[in-house]
Each structure stands twice: as C-alpha cells, then as structure tokens.
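J.: The lines below spell out each chain.
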Amino acid sequence: MIEVIIGIVKLLVLVAVLSVYVMYATWYERKVIGHMQQRIGPKRVGPYGLLQPLADTVKSFFKEDIIPTRADKPLFWLAPILAPTFPFAAAAAIPFFPPIELSNGTTFYFSVFHSNVDLLYILAMMGLSSFGVMLAGISSGGNKYSFIGAEREIAQVVSYEIILALALLNPILMVQSLNLTDFVAFQQQHLWLIFYQPFAFVAFVIAMVASASRVPFDLPEAENELVAGFNTEFSGLKMAMFFFGQYVTIFVVSALAAIIFLGGWSGPAILPGFVWYWLKVLLFIFMFTWFWGTFPRYRYDQLMDIAWKKLLPLLVLNILWTGFALIVHMPII
Amino acid sequence: MLFNDLRKGLSVTLKYLFTHAVTCQYPTQRLNVPERGRWLHALNLHEESQKIKCIDCGLCEEVCPSKCIEIIPTENKDHTKSPAIYNIDLGRCCFCGLCVEVCPELAISMSDKYELAGYDREKFIFTKEDLIKVGLEYNNNKLQKKEGEL
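Chains U and L, in that order, give the protein sequences. The opening residue of the first sequence carries number 1 in the UniProt record's numbering; numbering runs sequentially from there. The opening residue of the second sequence carries number 1 in the UniProt record's numbering; numbering runs sequentially from there.
The following block holds chain U by itself, in its conformation from the complex:
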C-alpha cells in the first residue's frame, strides 16, 4: 500500500517537474537561439522575460480550438493525447537523482518506475511516441501539409529507431544489463562508455536528434516547407501537447545519453553525483539548442541514406567487433 502511495506521489512530482521543465525549456531555447542570432530573445514579460512561458501557457488556454470539418474527430482528439503520453511514460523510468541506500537495506530510486529492463521499456515507449504524430497527420482531414508531415515522420521512424537500438546494443553487450543503475555502476568501475564506444555514441547522438524531431532532422515539422507539418491544423492546447511530447522526448534521450555514455552520476569527487548527472543532461539539452541554431535541415532521403546505408552497416560491424573483443577478453581500447 505504501508503495502505491509513493508511486503516485512520484508520478505527480514527475508530471509537475516535467511541465515546468517544458515551460522553461521554451524560454531557455528562445533566449539561447536569440543570442546566437545576436538578438536578446524574450525580455518584456518579467525580469529577463522569465514570466514569458507563463504568459504563453495562459494564452494557449484561451486560444480558439478549431477542428476542421473534414477531420476524423476521435483521432483528432486522440493524437494530441498520445503525443505527450508516451514520452512521459518513458520519462517515468528515467532517474532524477542517484539512488540512495536506505537504513533498512533497501534502495530508494528517484524514478517513478524502476526495473531490470529500464532500457527496453524506454526504447519501447520512445518507439510508440511517434504514433501521436502519425495520427495527427492522418486525422487532419486530408490537409496536405499534415499528411506529408506524418509521412515524413514514418520515414524518419523507420530510419532512426533501428539506429537508436543498435547504438545502445554495444553498451548493453559490455555491461550485460538493461538496468540503468548497472550502467552507472559499470562506468564507476571502468572508464565512461564513450571512451570504449565512441562510434556508437556518435550514432546514438544522430539517432536521438532524429527521435526528438529536432534540427537537422525536424522533417515532420519543417516550418518553411510544410507550414507546421503534422500540427498545422492543431491550435491552442492541442498544439501545446505536441510541444510537451517533443520537449519531454528531448529530456528522455538526453538523460539516456548522459547515463549510458557519459557515466550518469559518476565523475570526479569534486562535485556530488547528482550535480554531475544534471550537468551532463543539461549539456545534451544545450546540444539540441545549439544544433537548432546552426544546422539546416536534411532531406528525408538523406536521413534514410545516413541511417540505412552508412550507420547501419557500420554499427553491425561495431557490434561484431565488440562481441569478438568481449569473447577473447580483449581490453577494447
């Protein structure tokens, strides 16, 4: 019973924290992109524009909610619900702090849901998260922009999903566990996995940018070609829900990369573990913004080319090499 209550409290905290995170992620991105373009970014609402996300939230509540007459109404409602649900579900398995040992011998995990198959669960939820976008395109009543956006999302999903999983397979082979805590324990004993698997790390970064649909792989949303892509027909809170999904996905993949390749909360003892962990997560979140301010967009055939013709064969070779090295007990560097 007490576990259920703890679980519910954790869930509420997760949703609250991630909602605030999403709000301030938009503020932070506008600010950083602004400075990258020698602008200032939001500054009028509150000091340094810090109340801008609140104003935007309030505004999105009062926006007129338009449903196209030709839209498939149940799906049109379902799509914005599904879009943030699966990233939130994936975030449930992401730890927010290092686990602590309690006095009665048990370990308290700072994630809503902890199991030995964390990684598999997160990958499964990330795979499902593209359904919101696909449904959005299909339900928009034949709007060509939405439809092409959804079509591109599907092309993108079949490209990056396999790279995401295969890039994680190398660390999984080395650690021989799907438990995120084991990954950090492994890296506390050895070096960080980025030093053993640099190529897998690069492939994972490419796949994680694609999975969050961010520049240079923001194909489903391509503003300058497709108006707003899959969410052209969505307004107000419905559009905000897609935003939620995207920003939570960014958090999930950033935390995943920080834990699996950069050693999570392991690091020199000058700083406490959770500071290291959050520094690494924020580094990846900054990386997304940095890419956004820099890169143009790839065409979707180029993305498929990168994924299927370049990364996939190289990753298969990498897995064979890792397996070989593990069997002969070779120090891999």
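Hints are computed from structural coordinates only; laboratory data are not their basis. Some clues are possibly wrong.
[To be verified] A few chain L positions that, by computed beta-carbon distances, are all more than 10 Å from chain U:
1) His20
2) Val63
3) Thr80
[Stated by the list, open to error] If the Cβ cut is set under 8 Å, some of the chain U residues that face chain L in the computed set are:
4) Gln38
5) Arg39
6) Leu191
7) Thr294
8) Tyr298
C-beta: ideal position from N, C-alpha, C; glycine also.
Go by the hints and put chain L onto chain U.
T.: Relative to the frame of chain U, chain L by itself:
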C-alpha cells in the same frame, strides 16, 4: 577531419552566443535619425520677430503630389500675406519632401519626429499651431545639441 563543416558551423554559432546583441530595444532605446531624414513637417519662425516665415505663395500646395497641404491666406496690416490656416493631412502625406525643396522662404522644413501613429484620422491633420510647435521644439533641440558639441 570528420564532420568538418558541421564543426565550423557550430563554432560560429557558439562564438555569436557570447557576443553582444545588436538589436535596438526600441521604446527604451532609440537609434539616431539621419539629419536629412524626411519625418514630420515643421513651420519655422523668424528669429527676431517670431513671425511665421511663410508668405503664402502656395508653391507647396501646388507641388504636393498627394494634395495634403491646405492653405487659406490672410492679409496683414502691412499688405503682406501670411497663412490663416495651414493644414497638412499626414494621412495623405507621402513624405516626399517636395514642399521643403520648393519653399522660397525656407518656411517649412522637416523635423526628426517620426512616431506619428494614431487611432483617429482627425488627429493626422496637423494645423499651423501644431507645426509651429514642432518647429520650435526641433530648432531648440538642435541648438542645444550644437551648444553641447561646442
């Protein structure tokens, strides 16, 4: 080197992230207007007698391509003419500056006032008194600026 052009682009954006923003924060901070810029009109006065320079020759009215100047003359005691009414309808004005160029007495010039938006069409019609006020303000500011420079 791997990803060379991507790295180059990333270094450029990172560099600009730490440089100063170049935007002018308009209502709190203003750019200097060019000296010969064509903004709101001003009617000038003679410095000694404080009488209006305009002799009501009607050239500005004639040359104005959008016909926004309206002058109704009056005769003074010394049998000279001066405008009783001098209206400029800024709702029509295209700020070409021909009225300034054509004026033989340098009675009309242009000030540096450019914030002319309004909610009401009637407010766009500037009368003689308004324009004289604009001219006084503008010339005073100019004088002060010059003294400051000296």
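J.: Does each hint fit the structure? Answer for all of them.
T.: Here is how each hint holds up against the structure:
1. His20: Since the minimum Cβ distance to chain U is about 7 Å, His20 of chain L lies within 10 Å and the statement is violated.
2. Val63: Nearest chain U Cβ is 43 Å from Val63 of chain L, so the label holds.
3. Thr80: Given a closest Cβ separation of 54 Å, the condition holds.
4. Gln38: Holds, about 5 Å.
5. Arg39: Holds - the Cβ of Arg39 of chain U comes within 8 Å of chain L, reaching about 5 Å at its closest.
6. Leu191: With a closest approach of 21 Å, the Leu191 of chain U hint is violated.
7. Thr294: holds, 4 Å
8. Tyr298: violated, 11 Å
When each numbered hint is compared with the structure, violations occur for hints 1, 6 and 8.
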